[in-house]
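Peer 1: Residue numbers (full-length UniProt numbering), protein chains in the order written: chain C, 1 to 586; chain Y, 1 to 312.
Calculated directly from the structure, the hints in this document are not laboratory data.
Note that this is a predicted model, so its numbers are computed, not measured.
Be aware that a few hints might be false.
As the list claims (entries may be wrong) - The calculated lysine to aspartate or glutamate pairs, modelled on DMTMM-like cross-linking and capped at a C-alpha distance of 20 Å, are:
1. C:Lys409 x Y:Glu23
2. Y:Lys66 x C:Asp439
3. C:Lys180 x C:Glu250
4. Y:Lys66 x C:Asp447
5. C:Lys405 x Y:Glu122
6. Y:Lys278 x C:Asp439
7. Y:Lys278 x Y:Glu122
Stated by the list, open to error - Taking beta-carbon pairs under 8 Å as the criterion, some of the chain Y residues facing chain C (in silico):
8. Asn5
9. Ala21
10. Thr78
Virtual Cβ for every residue (Gly too), placed ideally from N, Cα, C.
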Amino acid sequence: MPADFNWAIGGEAGDGIDSTGKIFAQALSRAGRHVFTSKDFASRIRGGYTAYKVRTSVDQVQSVVDRLDVLIALTQRTIDENLDELHEGSVIIYDGERTQMQDVEIPDGMVGLSVPLKRLAEDAGGAIMANVVALGAACEVGSFPIENLDSALEKRFKSKGQQLVENNMEAARAGQDYVKEEYDHDFDDYDLETTDEDYVLLNGDEAIGMGAIAAGCRYYAGYPITPATDVMQYLTGRIENWGGHVVQAEDELSAINLALGAARAGARSMTATSGPGIDLMTETFGLVATSETPLVIADVMRSGPSTGMPTKQEQGDLNMALYGGHGEIPRFVLAPTTVSECFWKTVEAFNLAEKYQTPVFLLADLAMAVTEQTFSPEAFDMDAVEIDRGFVVDENDIGEHQTEKGQFKPHELTEDGVSPRAFPGTDGGAHMSTGLEHDEMGRRTEDTDMRIEQVDKRNRKVETATEREDWSPREFGDPDSDTLVLSWGSNEGALVEAVRFLEEDGIDVRFLSVPYIFPRPDLSEEINDADDVIVVECNQTGQFADVLEHDALRRVKRVNKYNGVRFKADELADDIKETLAAEAEA
Amino acid sequence: MSAFNAIDDEREIDREEFTPALEPQPTWCPGCGDFGVLKALKQAMPEVGRTPEETLLVTGIGCSGKLNSYFESYGFHTIHGRSLPIARAAKLANPGLEVVAAGGDGDGYGIGGNHFMHTARENHDMTYIVFNNEIFGLTKGQTSPTSPMGHKSKTQPHGSAKQPLRPLSMALNSGASYIARTAAVNPNQAKQILQEAMEHDGFAHVDFLTQCPTWNKDAKQYVPYIDINESDDYDFDNTNREEAAEMMFETENKLHEGEVLTGRYYVDSDRPSYQQEKQNIGEMPDEPLAERYFDEDYEWERSYDMFLDKHA
């Protein structure tokens, strides 16, 4: 019996798939089990199929796998869509009394449990609870104590009255009892044991929002866009408690400029968006950089170009984050690799932005943003959060940064490239700043020498940061292996598991997960020392592979996925095996 | 008590303080209306009682964008069309600042038109001066959003076929709570209107007619002018939305017939600003967002259970 249990509910959009899945995930989390969820919009057929998948174990789980143990199928299509993942002994729960499910085909070797979901729900108080009846049935199959479902139901329905909560509890038990009484099958294969552990369940967008508050962000401006909207929704109603404010802008052009305005006034500030929004925001990147204003810009990537596939995974904006905007724009690009890293990289992004007075891109992706994952609270140790606002001067020390005539120098030429900042409202600090090339005082200039001095000074900040800060990759697998796998972003979880699968098959792999895209660690030695180098990413062209080849002056192998679905651990293990085999043949 | 020491500094203010040591003399063309805006602004500041150190002037791109260089204060010369979001967010972050945004008619009514509508709609507590010369000056004379029909330029050689935009009506329909038009050739009225606009609690829009003798007509483009609040020929209540709308419509029509009407068109002193509205519903803290929270003695409680409900 595998240590993990894979469960899903699928049906048509509007069937309450998401909320039912979330209730189950919460119940598992409350029972002290680790959870990793994914939303499956993958479609081999046209039309509205959606599923919420939960992988759970007593150990931390970091990816999805190609295996489904229990499936609640509200439509025949849910079964068809998941044939590859279902296996011998998989349990399919469905409502055989529904007209459209009467002729359901349960594949050979699988267990079909026909449960009258709708009828039992009606008996408990309303057909709308049919999914909860199914949850009860699933609890029976997984030997999961149904009491754990109760607190999740209470949380979900409490605001609508105690009666509804009790009806739902009853509905769940009706499902459980039905399976117990009608099916003489031994489901002991699955035993979802509970623990006393205390977990939090959150997704990457929420972790970014949480990181922003912890880092002292006081101003957020955004425009709703999938899959970044959760950042704004998380902050709304919370950030006020820490002296901050969220603004819903008229468009993304406004959002980034709002964030810039608040930053110039002296508030830590950020915006978050996805590809189409980043396109609009690109206009302002150069002004942020030349005016040397700290700003955190999060791009939660989705499938592009244009409107693309808004609810699907892709890591296609790396080049945009690295090179977007005309002229040469100094910047930092961070790409968190896990949901909890979304928190820490956001904190880091704010500190980098203010220490070096540059735009900092936080490149997250949809797979992470919509994944609910459990963590121990210790993963978010607030005492470890440090805030460094950089070189800010006030009325007491401003005199050291003025010309002989008392003019403040916001773009003072310094050895490390970092100049003093004076917030408006500070005596002795009045100055202008501009997107035009300027001198130390912020006055426009076309003086050829000053142009070079200022361009070099801005880029010197990047050099300084490259030396001063830690840009190390995250290391997994066998450090002595001749096979080096490199990746970035949310692929880390699936790769860590894939490395373990490969190890079981006797294949040792060294895996470096790179959270810093620019500046990035110099990996040329690691790349040139390895026999095989494989770069894994969710895009077609291999944007990260390109920059690594450029760094190391060596060709690498590429594993790319761009069908809109995130990598799965077992699939990745196979991909790496195939790549190595092809190399051996060649 | 603000964390910023220049805010609410009670002292005598001389208008010469607003002349920068570095660029005291503007480089606008002789006879340009932009001089009039600069002069009126410098004169209005001491009346409003704000110093250069507590004033933030945000500009767009165009001849008008050079205003920063010739006006001593905290200044931010931004990008084309985006001065308003930057200015209104700065004001929200530090309400103790006097925030003024300025730009041309192309900047504010063209490329930045959406921000103009929404900043007015949200009634941010700030002043927006639009240098309206009915032409693109810095790029040497192309048709602008306010150029009249039939206006010939290098880009519309057969005369503009487009209806000019109606800036006053647009401000009113969008929700601005103070709307005025003045002209560079009318320095006293201009100074008074800028003063009122800055003192107004809410979004104050000033459509400032700035003649362009180089690329448009001549230095006397907006002469003579009539002050509608003082002229006996016009009688309307500028606190009445309907009457204001009618007066604006007439004014916009007459400009293209050669008659220059100016004055205060709409004043709503009761409407709360964005910040007040947000504070009333608990979405905006009382303390400024911009603060010295980097001070070592600043502490705030950060524990995960304040950020997250357990188990979500």
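Peer 1: Hints first: check each against the structure and report whether it holds.
Peer 2: How the hints compare with the structure:
| no. | hint | result |
| --- | --- | --- |
| 1 | C:Lys409 x Y:Glu23 | 15 Å, holds |
| 2 | Y:Lys66 x C:Asp439 | 16 Å, holds |
| 3 | C:Lys180 x C:Glu250 | 55 Å, violated |
| 4 | Y:Lys66 x C:Asp447 | 18 Å, holds |
| 5 | C:Lys405 x Y:Glu122 | 41 Å, violated |
| 6 | Y:Lys278 x C:Asp439 | 39 Å, violated |
| 7 | Y:Lys278 x Y:Glu122 | 10 Å, holds |
| 8 | Asn5 | 5 Å, holds |
| 9 | Ala21 | 6 Å, holds |
| 10 | Thr78 | 6 Å, holds |
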